[in-house]
Amino acid sequence: MLDATLNFKLLEMCGRCGACFSICPSCVNIPGYDPRAVIKDILAGNHEKWLTSRHIWECLECHHCLEICFQHYGFENAMTSMRTLAAKKGIHPAQVKRGWDMLVKTSRLGEPAMPARKKLGLPEPKATGSEEFRKLYELLKKRRLEEHQADKSGE
Amino acid sequence: MKEFAVFWGCTIQTRFPFIEKSTRIVLDSFKLPYRDIDGFTCCPEKSLVNNIDHGAFVMTAARNVALVDEKNYDLVSPCTGCVSNLATVQSELKVNPREKDEVNSLLKEVGREFKGTAKLQHLIPFFHDAVGVHAIKQKMKRDFTGMKIALHYGCHMIRPSHALKNDDPLNPKKFDNLIRAMGAESLQYMTKMMCCGQGLDRVDEHDMALHFARVKLRELKALGADAMVLCCPSCFLQFDNNQFLMEKEGEKFGIPVIYYTELLGLSMGFTAEELGMTSHRVDCAPFIKKWEGLPAPRGLCKHL
Numbered sequence: 001m002l003d004a005t006l007n008f009k010l011l012e013m014c015g016r017c018g019a020c021f022s023i024c025p026s027c028v029n030i031p032g033y034d035p036r037a038v039i040k041d042i043l044a045g046n047h048e049k050w051l052t053s054r055h056i057w058e059c060l061e062c063h064h065c066l067e068i069c070f071q072h073y074g075f076e077n078a079m080t081s082m083r084t085l086a087a088k089k090g091i092h093p094a095q096v097k098r099g100w101d102m103l104v105k106t107s108r109l110g111e112p113a114m115p116a117r118k119k120l121g122l123p124e125p126k127a128t129g130s131e132e133f134r135k136l137y138e139l140l141k142k143r144r145l146e147e148h149q150a151d152k153s154g155e
Numbered sequence: 001m002k003e004f005a006v007f008w009g010c011t012i013q014t015r016f017p018f019i020e021k022s023t024r025i026v027l028d029s030f031k032l033p034y035r036d037i038d039g040f041t042c043c044p045e046k047s048l049v050n051n052i053d054h055g056a057f058v059m060t061a062a063r064n065v066a067l068v069d070e071k072n073y074d075l076v077s078p079c080t081g082c083v084s085n086l087a088t089v090q091s092e093l094k095v096n097p098r099e100k101d102e103v104n105s106l107l108k109e110v111g112r113e114f115k116g117t118a119k120l121q122h123l124i125p126f127f128h129d130a131v132g133v134h135a136i137k138q139k140m141k142r143d144f145t146g147m148k149i150a151l152h153y154g155c156h157m158i159r160p161s162h163a164l165k166n167d168d169p170l171n172p173k174k175f176d177n178l179i180r181a182m183g184a185e186s187l188q189y190m191t192k193m194m195c196c197g198q199g200l201d202r203v204d205e206h207d208m209a210l211h212f213a214r215v216k217l218r219e220l221k222a223l224g225a226d227a228m229v230l231c232c233p234s235c236f237l238q239f240d241n242n243q244f245l246m247e248k249e250g251e252k253f254g255i256p257v258i259y260y261t262e263l264l265g266l267s268m269g270f271t272a273e274e275l276g277m278t279s280h281r282v283d284c285a286p287f288i289k290k291w292e293g294l295p296a297p298r299g300l301c302k303h304l
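Read top to bottom, the protein sequences are chains A and B.
Be aware that the first sequence starts at 1, since it is given in the numbering used here, and climbs by one per residue.
Be aware that the second sequence starts at 1, since it is given in the numbering used here, and climbs by one per residue.
Derived by calculation from the structure, the hints in this document are not laboratory data.
Certain hints may be false.
What the hints assert, rightly or not - Partner residues aside, some chain B positions facing chain A, computed with beta carbon under 10 Å:
no.	residue
1	ILE37
2	CYS42
3	GLU113
4	VAL131
5	GLY132
6	VAL133
7	HIS134
8	ILE136
9	LYS148
10	HIS162
By construction, the Cβ of each residue, glycine as well, lies at the ideal position given by its N, Cα and C atoms.
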């Protein structure tokens, strides 16, 4: 599963380097947050224990690690893959699920604040593409299902 | 100048319509060819959508970019997150033809096509590169000489650099240039490039989000900053709203948090009320009072 989204060769270098540790704001400020430990376990095949850890959600995706990395890879790829894996198993912060549900339903993460807009003299907000978005998302899911079934029958 | 669509994003329109107000005031004053277009959705927010479903992340962003491509516009956003997400997907699809074909075979079903031709820019690099410091100075009625401003860039204005390609990702200069052009001192401080930490509020870690805000605000208070200036609604939420919450608990910082378009609007002669600054949770009045009380001449910009 993780080998589909991660480059283990680059991760092995990450395990030995750690140049991004001192520039990562979460590493500096959050006690116990250390993606190097997660990467070590991913490489050893022991990543499961991190799926329930809050630490995998504490990567701020600030891309500092990516920019300083001589491989242009960084901690964040490992943390993103772990979060995706956890979310697939239904393990995620409650707010993440709420946000996702709202996006799928409305195509946005909130509705324009109409009374405040009126007070400020702002124009009517433009129409959203929510209908088209929902249609595309349904199509995406359908295609994935078909691909999955084709893979299964090919096995 | 090529016409451009403004991508307001969910956070500004939902929580901070006054940011839209000051942005429109500034865009109108410079007579910039901006357009509001139908059909945008959430950009989508990377930390939420990409973590759950990369395919949906790519499809949603590609569709938004396709709307701009179709009209042969460029895109400018006052939200760092929106630009960063859209540009990340645009650059991913540009180097991955197979993924681009897959996305386009989906978009074709609704009559759209991602081409990736639109230039996607955040408001700050746009003002720096396309409007230019000289034109900005021409419009200013008063400068900010004597004011100490602490810039907060916002990670996604400049990173990931392979997608945004607009400034040095670790030591950016453009926002500083814009502030200095207005005569203010751009404070160089230890935590200047530290992430705001607002993302922690989105994963149910409010106390840790407050800790991140506290680290920066404490330093700014010690340095005597007159204001923090930024250009990202998520960072604004972190430093205005969360500072207000900490002050309610008894921790005093007193650092007004000002959007770049508000600062520019003030310098052009608009009032705090007109710019919607009275809607901030941390009072901007001390900043304005100090600025207005500075000894004359504050200098017309042509003398800067």
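Each hint, compared with the structure:
1. ILE37: holds, 6 Å
2. CYS42: holds, 5 Å
3. GLU113: violated, 13 Å
4. VAL131: violated, 22 Å
5. GLY132: violated, 27 Å
6. VAL133: Hint on VAL133 (chain B): violated, closest Cβ of chain A at ~26 Å, above 10 Å.
7. HIS134: At about 30 Å, which exceeds the 10 Å cut-off, the nearest Cβ of chain A leaves the hint on HIS134 (chain B) violated.
8. ILE136: violated, 24 Å
9. LYS148: Cβ of LYS148 (chain B) sits 24 Å from chain A, so the hint is violated.
10. HIS162: Holds. Min distance 7 Å.
Checked against the numbered hints above, the structure violates hints 3, 4, 5, 6, 7, 8 and 9; every other hint is satisfied.
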